[in-house]
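Enquirer: If you want the building blocks of each chain, they are given just below.
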Amino acid sequence: MIGRLLIPTSFAALLLGVWELAVRSFGVPVYILPPPSRIAITFFTHLPLLARHGATTLGEIALGLALATSFGFLLAIALHHSRSLERGLRPFIVASQMLPVFAIAPLLVVWLGFGVWPKVVVTALIGFFPVVVSELDGLRAASRESVDLLLSMGATRRQLLTKLLLPASLPSLFSGLKLAATLSVVGATIGEWVGARRGLGYLMLESNARLHVDLVFAAILMLTLIGLLLFGALRIIERWALRWRDSAPAETSRG
Amino acid sequence: MPALRVSGLEKSFRTPRGTVAVLSSVTFDVEKGEWLTCLGPSGCGKTTSLRVLAGLLDPDAGSVWLDGAPGSRLGRAAYLPQEDTLLPWRTAIQNAILSAEIDGRPLAAARAEAMEMFERFGLLGFENLYPSQLSGGMRQRVELARTFLSHRELLLLDEPLGALDPLTRASLQEWLLAVWSDLRRTVVLVTHDVEEAVLLSDRLLLLTARPATVRETVSLTGLPRPRRRADPAVVAERARLLSVLVPEVSP
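Chains as they are written, first to last, in my numbering: chain H, 1 to 255; chain V, 1001 to 1251.
Certain hints may be false.
Using C-beta positions, here's what the derived DEER-type ranges look like [said to hold, decoys possible]: (1) V:A1239 with H:L85: 55 to 61 Å; (2) V:P1070 with H:S70: 43 to 49 Å; (3) H:A78 with V:G1071: 27 to 33 Å; (4) H:L99 with V:L1074: 57 to 63 Å; (5) H:A55 with V:D1103: 48 to 54 Å.
It is worth saying that the hints were derived from the structure and are not from the lab.
Where is the CB? At the ideal position from N, CA and C, for every residue including glycine.
Let the sequences and hints guide you as you build the complete structure.
Expert: Set out below in structure tokens:
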């Protein structure tokens, strides 16, 4: 465990050290690139402010992700059930990803106002694609033999779904969810850039305009922490939901 | 009235290289409580015939009567596919009671019944382990326990011991024989292991290479039970069958 953390930690320390040294020795102004020590100080002195805006952003991300997950999940099941629905919708689902979300974010502000909803919708739009695609793949993960087994037992379509196809789809779904969580941080930030009065994206724009570059970096640090928190939480849920996968064989258990 | 009556089954598959006939006028009966084994060369259509019997495939022609009635067979026989079909996210006991869940039977009773079966199957103490934590032989026993716990009179077993090493396989054959003598179900087993067929069956169907058709029916009720693989009569029968089958395997 310590060995695993040692390399990335020392790498980060080296990188920050070089940054600190370079900024100081070349006399780079703080409003262009602050040294890491300054960012750290700003982060801790502005922690209440960052936490307040961070809570707003985290709320948007959580809502957007929940929307993306539930909608994506249900859509994947519907698409899996109906071949014609899949044929009809798949091109649009793929095309929706070619659409630059940046371009429609201002429209969403026009339609939904400056509140929380445009950010939630942008986040959901970005997060929804990996969920649909991974769940759709996951629903095909069960082997033909296990499908045969359940059918031979007289399972209904619903039982086939709940007892076989959905549990078998979970590993794939979690891959999609982790991707969606990572993207959702970007989504919420974009949503806040085009029009907001709160949130880390708003704070970044505001501080940038006032040349408070250290606060921009502190906000980025906060966003990164939020992303890591989401990812970590998903990993914990995944480990629990897929605990059958990690279990070591009893007879050949390691030491 | 036979437990299972199969008459004139025809089945062919369309492949990119043309139509392949897999079953050709397959006809046989299975009596209640009888152990019937289909023996034939690899790839002769044994699995296809079991899938037809289980109701997973419709034959092109011919009929299958279960308990004297035609119609859908899904949910009326316990089918054990050849591949490992334990659901990895379910513990051994949860896998074993899957059929009860599908049927909507009370789960507490099903669990209690499964625990009794696990004791008989030598699985006690392993009921809460996941399949990935079990050895190949134990997984196979869980699959067989699931099959026996299905409350179906007819069991369709597709090479249940095929993937095991010879030693595990030999011990499971004897064990399966003991379990079956106690529980007495109607069994249709598909295998290409001649010794296994002789040890376990009341009657053998010798199938030809593709398209499979019944070449010969061999009654083994003359061999006294319990059988041992070293019994002279078992050895002799095995040798006789091999001499009949081998020209079929290597033309």
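Enquirer: All the hints need checking, so say for each whether the structure fits it.
Expert: Here is what the structure says about each hint:
no., hint, in the structure
1, V:A1239 with H:L85: 55 to 61 Å, "60 Å, holds"
2, V:P1070 with H:S70: 43 to 49 Å, "45 Å, holds"
3, H:A78 with V:G1071: 27 to 33 Å, "32 Å, holds"
4, H:L99 with V:L1074: 57 to 63 Å, "45 Å, violated"
5, H:A55 with V:D1103: 48 to 54 Å, "50 Å, holds"
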